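Asker: Fit chain Y to the known structure of chain U by using the hints.
Sequences listed follow chains U and Y, in order. For the first sequence, the UniProt record's numbering gives the first residue as 1, with consecutive numbering after it. For the second sequence, the UniProt record's numbering gives the first residue as 1, with consecutive numbering after it.
Hints are computed from structural coordinates only; laboratory data are not their basis. Keep in mind the model is a prediction, meaning the values are calculated, not measured.
Label-pair distances were calculated between CB atoms; the ranges are:
1) Y:G289 <-> U:E209: 57 to 65 angstroms
2) Y:T388 <-> U:D295: 29 to 37 angstroms
3) Y:G231 <-> U:E209: 52 to 60 angstroms
4) U:E401 <-> Y:D96: 42 to 50 angstroms
5) U:T474 <-> Y:L236: 49 to 57 angstroms
From the three backbone atoms N, C-alpha and C, an ideal C-beta is built for every residue, glycine too.
Listed below, chain by chain, are the residues.
Protein chains: 2
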Amino acid sequence: MTDPFVVVGGDAAGLSAASKCKREDPDREVVVFERGEWVSYAHCGMPYYVKGEVESLADMLSLSPEQISERGIDLRRNHEVVAVNAEEQTVTVEADGEQFEQAYDELLVATGAHAVSDPIDGADLAGAFTIHSMDAAAALRAFLTPPEEFDPDGFGGAGEFVDRELVEAYADREPPESAAIVGGGYVGVEMAEAFSAHDLDVHLFQRPERLLPPFGEAPAERAAEALRNHGVTLHLDTEVDELVGDDGAVAGVVADGERVPVEAAVVGIGIEPNTALLDGTGVELGVSGAVAVDDYGRTNLDGVHAAGDCAEMRHTVTGEPDWVPLGLTANRAGRAVGQTVAGTPTPVGDIAGTAVVKAFEMECGRTGILDHDHAREAGFDPVSETVTAGSRSGYYPGGAETTVTLTADRKTGRLLGGSIAGEDRAAIRIDTLATALDGDATVGEVERLDLAYAPPFSPVWDPILVAAKVLNGTLG
Amino acid sequence: MTDPFVVVGGDAAGLSAASKCKREDPDREVVVFERGEWVSYAHCGMPYYVKGEVESLADMLSLSPEQISERGIDLRRNHEVVAVNAEEQTVTVEADGEQFEQAYDELLVATGAHAVSDPIDGADLAGAFTIHSMDAAAALRAFLTPPEEFDPDGFGGAGEFVDRELVEAYADREPPESAAIVGGGYVGVEMAEAFSAHDLDVHLFQRPERLLPPFGEAPAERAAEALRNHGVTLHLDTEVDELVGDDGAVAGVVADGERVPVEAAVVGIGIEPNTALLDGTGVELGVSGAVAVDDYGRTNLDGVHAAGDCAEMRHTVTGEPDWVPLGLTANRAGRAVGQTVAGTPTPVGDIAGTAVVKAFEMECGRTGILDHDHAREAGFDPVSETVTAGSRSGYYPGGAETTVTLTADRKTGRLLGGSIAGEDRAAIRIDTLATALDGDATVGEVERLDLAYAPPFSPVWDPILVAAKVLNGTLG
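If we strip away everything but chain U, and leave its shape as in the complex, we get (with noise of 0.2 angstroms):
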């Protein structure tokens, strides 16, 4: 009998593929080893649990393990792979405090990322989180609730798998009142949302001298705009030194020298792939330091795949491998890999590095190539226009100032890339960026798409067209 389809990692890569190759292949065996409690969990629901918004743990669950069981899936939690051994085949599992070896005829390493701390004195002080993980999340939401509102049932199906010894010190603690965030990426601004959302005194410190780097300057300028007009304290260009504690629990932030007192803090400086497993194994890590893939996922090892966080892609402009860890492309290269395992080929697809986000009404999203250096890293000769344009007829209620930055190759005027950003459906319209990017069009092509126009959606010349317009006339 064949060795089964081992997994590593029971997330959105880990159970995409488990699933589609169970699906495809119904004979095949496939086995799960996910090191911890939680399974199938959504990373980019928790600001809006610890807001408030997502009512219960349990919402964040895609699948409970009894649903993965009922697949035909051998999921094995608390088991953690430490060994990969490639030339026999197996792989090393540790559970209960045993070890045991575990022969697999195809792997798939979904071993995802972990949140980056270490760099910040003090990150491992009571009252400091990295929303990395539903018992952080669950932890951090409890702290947040008054003591006496705190329901310990409250998790619904997730209440099996949380810290409860976490959750619970953290609920006996008086609510903060005031909050730093280090980091302004995603976590960071979604993070001033949900502790605005609490009535929290909210400071976030960034590094770079603007929010969100990925989206460019104007959707950074319009999201930090909209994070004041909300009380966030913005400390941009700002080195935190350390965060300092008072009977070990979190007390102020020190930045560049300056201590700002609060009671609550989250670092969100960056997430790293999760490859410790493979040291010593052979499989190549590419230049981001993600494992190395080939179109199919595969590694350089035979039988051995990565998909997700752990794993690069191919971007769609440069053509190149990239390191660009989101929800889509974990998933959508999982499946691949599970039915390609199944016996039909999929290639796991490339990536624009696409991603949407929004600091409170202030909807920005992001597609391809914007920053210059990249660009000419890449071998383009990179040129952006940005205009600021209506959502809607001008006549029309509910309109909104939508801001198009479109960034294209001076020589052929292909597209490279795009930002958006505006309170009115402005990140949906991104997507019209990643699929041009997608067909390799030029700004002339994006200039002239028939796109939809009607008062109540978009003017006759939505944003995009009118960017498109202005680059074009630029490029000459």
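Answerer: Structure of chain Y alone, referenced to chain U:
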């Protein structure tokens, strides 16, 4: 000296051409003849003006005659071009009961379209309207407004153009309490919303069995559901025989032999291109009956262009001429002709028939070829799938069921068209499909698009991606 660039028609296509030509070549003499009072007005806003959501008639004027003159354009309102003499390169113009000849170097025919109402007996009764002119929109709103609330000075800057005699006659009438809408296309659906806002009892009559035929089955059903939920009585698959009057005013509608008493009626059963001016000139019309043009908007006669609602355009998917009169098309084609006349040959671009409409909260969009007969005529073997999926992550509030239909060619997998319907930002998502059509994408490529994902805006798998997965599965 060169004879001027002469434009027939002072609306979207005509004024876009005149403005662009003058901007690119300020020394060029540009003359625009408009047979009516009105120039540069927003057809698509009229239902919302009747509804009261757009406050003033003046709001729908993009440019005033003064602004047009400031651009250096010689605008002549109340000047009707009654003949084109292509051999002599002149047009015959009628104004104030006199005729004169105007020589042209290049000519743009931008005569637009007119509402069809002839087949309905009684469409000339008082209280019956076609919503294809500003005067009609103003008269209908006056009719719907209680006499004591009507403000004869409430037209803003549009007051100098409006047909006051007509409007004031309607302002004096008792507002109707019920209305019939004949035709369930864009205008019919939008007018149902407008009449409902005035608390009328609304009956919508549609000869086909579905509303919004170009949108296909799923959006039509969802739009019908929305109209019914708002109290609109739908008479589908029902032919209106006539409007019947009492004392010269609409008193009822007879459909399939049954009489429904109503006090007002709107006939919106379609429009036809205004081509009578070209009879006998040798300018060729296409099979649609609109003016045939090449990729630069040129007719078969030297120096004679056509653009906007009176002209055909090439369809992105079929590559064949088609007639889909819409606002962006007119603006884009006009602008391109202006640029071409100014010396830079500029293609008018293709159309995909992208359109959006809302029925109360229900947003519908469509693009490309959806109808299977149409697809087969164009040489394709069409296959469609329809899915309904959430517009946001299931755990995030505010999402709505979004219905997507995709049609593809079985042999090549090429996407031919798509539609969408839903209450949460559904319409604007059609732009993603319009862009995919422009790039000749296959359904497999659509399935692998790197679209945006964040819980407030989209689930991990956007409804469009879900539909592509399903259709791709069917294609095998």
